[in-house]
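Participant: Okay, here's what each chain looks like letter by letter:
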Amino acid sequence: DTEVTQTPKHLVMGMTNKKSLKCEQHMGHRAMYWYKQKAKKPPELMFVYSYEKLSINESVPSRFSPECPNSSLLNLHLHALQPEDSALYLCASSQLGGLNEQFFGPGTRLTVL
Amino acid sequence: KNEVEQSPQNLTAQEGEFITINCSYSVGISALHWLQQHPGGGIVSLFMLSSGKKKHGRLIATINIQEKHSSLHITASHPRDSAVYICAVKKIDSNYQLIWGAGTKLIIKP
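In order, the protein sequence lines correspond to chains A and B. The numbering of the first sequence is this note's numbering, which starts it at 173 and goes up by one. The numbering of the second sequence is this note's numbering, which starts it at 1441 and goes up by one.
Isolated chain A (complex conformation) (with noise of 0.2 Å):
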């Protein structure tokens, strides 16, 4: 099983709302990252997790707030967002060591209102 999988794809939410956004896979891969996408932007790094720890935040505000409850999952819970967040919030899984080849899902395309 070569695949990342993320639900919602499509998510509306108004400013005051509390959504959260939730990735798999079971690749067996111990890093799993969240990335945000604008349009006709490369992606953006905003958090790492290693071995279920967080190891990488990019200053990412705290209206987004990660969460990785077991190797397999990692959730993303929006709270108070601002309408430009809305974006392809893309999550992606990798080994750790070796190349690190990152495995990416389709994404949630996320509108905030």
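Among the hints, erroneous ones may be present.
In silico EDC-like pairs for lysine to aspartate or glutamate, Cα to Cα no more than 20 Å straight-line [stated by the list, open to error]:
| no. | chain 1 | residue 1 | chain 2 | residue 2 |
| --- | --- | --- | --- | --- |
| 1 | A | Lys191 | A | Asp257 |
| 2 | B | Lys1494 | B | Asp1521 |
| 3 | B | Lys1531 | A | Glu216 |
| 4 | A | Lys213 | B | Glu1443 |
| 5 | B | Lys1493 | A | Glu216 |
| 6 | A | Lys191 | A | Glu273 |
| 7 | B | Lys1531 | B | Glu1443 |
| 8 | B | Lys1531 | A | Glu256 |
| 9 | B | Lys1549 | B | Glu1445 |
| 10 | B | Lys1495 | B | Glu1443 |
| 11 | A | Lys210 | A | Glu230 |
| 12 | A | Lys190 | A | Glu239 |
| 13 | A | Lys210 | A | Glu175 |
| 14 | A | Lys191 | A | Glu239 |
| 15 | B | Lys1545 | A | Glu216 |
| 16 | A | Lys212 | A | Asp257 |
| 17 | A | Lys213 | A | Asp257 |
| 18 | B | Lys1545 | B | Glu1445 |
| 19 | A | Lys212 | B | Asp1521 |
| 20 | A | Lys225 | A | Glu196 |
| 21 | B | Lys1549 | B | Glu1455 |
| 22 | B | Lys1494 | A | Glu230 |
| 23 | B | Lys1531 | B | Glu1457 |
| 24 | A | Lys191 | A | Glu175 |
| 25 | A | Lys190 | A | Glu273 |
| 26 | B | Lys1495 | A | Asp257 |
| 27 | A | Lys212 | B | Glu1445 |
| 28 | A | Lys208 | A | Glu230 |
| 29 | A | Lys210 | A | Glu256 |
| 30 | B | Lys1531 | A | Glu273 |
| 31 | B | Lys1508 | B | Glu1443 |
| 32 | A | Lys191 | A | Glu256 |
| 33 | B | Lys1508 | B | Asp1533 |
| 34 | A | Lys213 | B | Glu1455 |
| 35 | A | Lys212 | B | Glu1443 |
| 36 | B | Lys1493 | B | Glu1507 |
The hints are simulated quantities; they were obtained by calculation from the structure and are not laboratory data.
Place chain B on chain A using the hints.
Facilitator: Below, chain B alone, put in the same frame as chain A:
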């Protein structure tokens, strides 16, 4: 100057043509990643390579570490190859972070 430069930015070709997309980088790397993204879609990993050449179907990727340059070739191009192709490099001192090129938008006309 960006650490990863891709050329061309946009490429339109006829079905069947041989396609080459180039990537140059200015930092020390441990690996280079070629990825594909269809409009509105997720990202698909095509190749990750640290030396030499890799082939998968109609796609070929090469890298020249001394010249800090990589190419992605598509043989017998097809309209379904239309997508953005992105080069990303893993810096030698980084476990996780990729430095991304701006992407090459490829359109293959039937």
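Participant: Checking against the hints above, which ones are violated?
Facilitator: Of the numbered hints, 5, 6, 8, 9, 10, 13, 22, 23, 24, 25, 26 and 34 do not hold.
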